[in-house]
Amino acid sequence: MKKTLVIGATPNPSRYAYLASNKLVRYGHEIVNVGIKKGEVAGVPIEPPQTIHHDIDTVTLYVGTRNQSSLYDYILNTNPKRIIFNPGTENGELEAMARQKGIETIEGCTLVMLSTGEF
83 MKKTLVIGAT PNPSRYAYLA SNKLVRYGHE IVNVGIKKGE VAGVPIEPPQ TIHHDIDTVT
143 LYVGTRNQSS LYDYILNTNP KRIIFNPGTE NGELEAMARQ KGIETIEGCT LVMLSTGEF
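In short: position in the sequence shown from 1, add 82, done, that's my numbering.
Simulated DEER-style distance windows between Cβ atoms: (1) Q182 <-> P95: 32 to 42 Å; (2) K183 <-> T147: 14 to 24 Å; (3) E122 <-> Q182: 31 to 41 Å.
Simulated crosslink set (EDC-like; lysine to aspartate or glutamate; CA at most 16 Å straight-line): (4) K183 <-> D139; (5) K183 <-> D155; (6) K119 <-> E129; (7) K84 <-> D139; (8) K105 <-> E200; (9) K85 <-> D137; (10) K163 <-> E186; (11) K163 <-> D139; (12) K85 <-> D139; (13) K163 <-> E189; (14) K105 <-> E122; (15) K84 <-> E112.
Calculated directly from the structure, the hints in this document are not laboratory data. Glycine included, each C-beta is placed from N, C-alpha and C at the ideal position.
Based on the provided sequences and hints, a complete structural model is requested.
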């Protein structure tokens, strides 16, 4: 299973990040929820983007492009195998920086990828 960092995690059940965290856990993936909201999702607390986790396979982004620049170092220092840019989070600058570090970038939807077995 792929340990996944969900950036933009929220306890709001109407948000895609909430749905993704829950679906990832249902599919057997360990998650780390990172965001600015307080609370927990899928039984996992939401933490601020401070602690660098070095055992992350996948980062899945649920933060809009204009709010990502403050997260660049955090994301890249995590050194995941891949970053999934969910719809609305596409960011050419961050994608180029990630590829320079050998990190795979995918413009896709985590929810769809889980449902179709592509995750």
